[in-house]
Amino acid sequence: MALKIDDRTLERIAIVDDDKSVRDTYETSVEELEVEAVNESGPLPSLDEFVNAAPARADAAVCDFKLRVKNYANFDGAELVARWFDRGFPALLCTKWDRASIDELRKYRSRIPVLVRPTDLDPERIVEGLTICIQELAGKHLSSRKSYRTLVRVEEVTADRSPYAYVVVPAWNPSEVVRLLMSDIPGSIQPRVKTDARLYAEVNLGAESYEDLFFRSWEGQ
Amino acid sequence: MPGHLAILDVGHGNAAILRTDDWTAVIDAGPGSSLVQYLIEQGITRIDEVLISHADEDHLGGLVGVLSSGQFSLGRVRLNSDAVKESKIWMDLTVALDDAQRNGAIDFQPSLTSSDTGRFDHGEVSIEIIAPTNFLAARGPGSTDRNGKKITTNSVSAVIRVAINGQRLVLFAGDIDEIGLDELVHVGTTDLGSPILVFPHHGGKAGGGDPAAFATRIAQMVRPTSVVFSIGRGVHGTPTPAVVEAIRQQGGQIRIACTQLSEHCSAISPKVAPTHLHTAFARGRERRQCCAGTMVVNFESPAALLPEAPVHLDFIKANTQSALCQRP
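Protein chains in written order, with this note's numbering: chain D, 1273 to 1493; chain U, 243 to 570.
Since the hints were made in silico from the structure, they are not lab data.
Note that beta-carbon positions come from the ideal geometry of N, C-alpha and C, so glycine has one too.
A portion of the hints provided could be inaccurate.
[Stated by the list, open to error] Below, simulated EDC-like cross-link-like pairs (lysine to aspartate or glutamate); rule was C-alpha separation at most 20 Å, straight line:
1) U/K330 <-> D/D1278
2) U/K330 <-> U/D340
3) D/K1412 <-> D/D1278
4) D/K1418 <-> U/D340
[What the hints assert, rightly or not] Reference excerpt, derived from the structure (chain D facing chain U, CB under 7 Å, subset only):
5) K1412
6) L1414
7) S1415
8) Y1420
9) T1422
10) P1442
11) A1443
12) P1446
The following block holds chain D by itself, in its conformation from the complex (with noise of 0.2 Å):
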């Protein structure tokens, strides 16, 4: 048996998890769908090498975004599934929506039409998980998707070990203050990071939340 979306046939899932028990739950609810889960039991390979050998035993992958613990791989989810993005492989990234976890993958998101918390990820969330992300990868952005040049104005920087930028999207909610970590602007923007500067970003404008939100793009004025 397979899945169809679209013009893609899913036989076979890859689930990418450091726990054992975990990559067992998620098999469940793939395996409700009649599709073949591939176990990826790890240690993985390297990054690149991974990025290449899952999508030749699988149509589409679910993965977990802290893959490091235990020696499980030397990169995270995000990176991996923005990879997969980019070689047109679909994948579901599995995170707590943890605000550090938020901010370490925020660079990638744009990269990553979906995220899930591992307590919603049954057979419904799947199907229509992947959907959003075939369809991204076909071109067709969910509204909430798309990125628009607007105006970023930065309300507060600081300066610890690892330095935040907080910032105001007035065009997507000019009453909530995104924090962004300095090392995810471009280094040719970092100097003009400064309370009050407005700058300019492509952001997908139509995020429902803070966590959705992704900027690239950048441009000093």
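Using the hints provided, position chain U relative to the given structure of chain D.
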């Protein structure tokens, strides 16, 4: 689409687009990307007139997006000054408008009053600026009206009536409040008649007064056949049930349409994707948050507010338990 009016579902906020073959006007620019997405979907790159009713972010936030997107050329932009509005987005917008004006990119003037009626007419479209009066705009938010009441940002909201080939079509009431209505009565403007009323303040409380009494008052001045509430599902609890009930008490068959599905009508979103919506962009479509969604009137059949009432009513009956507009 041929010449048309679109009352856009932007979630909580207001935005409307008037379009003919060679001209586009935007009345209010609610927040988020909805206006930009609608304009792009419709292939619109030139906006000849932008009229902003007042300085609240749910009426202007989208203009920041339009200006900074770099995808549109703008003609005239009109709004009123507001000395008490300290929001940063108000500063963002005024800085951006001033910058564009200095660069010769737009014709920006901080003035939109009843003296401007007729200045934005184009072809079959007439645009009447009913409020604010010059007096109220000159006094401005933070000052007091003729009765000593404090003028707020809502008090000076522009009220704009659009007619097509001389036939009144729609009244955009912005966020006008009792003080704004008192001023209209004072200057003898009591006939706000229009078939469609885009209800002020999204059907929420407009100022500190009784919302039902306010709704009754404005309904009697406008005498609409359709009332549109431009709302965001789950945001601010709009429309207020007392407001909807006051409209229904006016007698006749007034159609009530909310752009999104109020949580007062249904606690859960529809299980299946809606089929009754107009094809134009609607903010709530993908998340199944629409009730009427974006509403459209084609100028060649101005009596039809799309989606038409029967299919909209079928949706309401199928997806709500106790819709405000249908309660016994």
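Verification of the hints:
1. U/K330 <-> D/D1278: 44 Å, violated
2. U/K330 <-> U/D340: Cα-Cα ~15 Å, so holds.
3. D/K1412 <-> D/D1278: 12 Å, holds
4. D/K1418 <-> U/D340: 28 Å, violated
5. K1412: 12 Å, violated
6. L1414: With a closest approach of 6 Å, the D/L1414 hint holds.
7. S1415: OK, holds: D/S1415 within 7 Å of chain U, min 6 Å.
8. Y1420: 5 Å, holds
9. T1422: 5 Å, holds
10. P1442: 5 Å, holds
11. A1443: 3 Å, holds
12. P1446: Holds, because the Cβ-Cβ distance from D/P1446 to chain U comes to roughly 4 Å (cut-off 7 Å).
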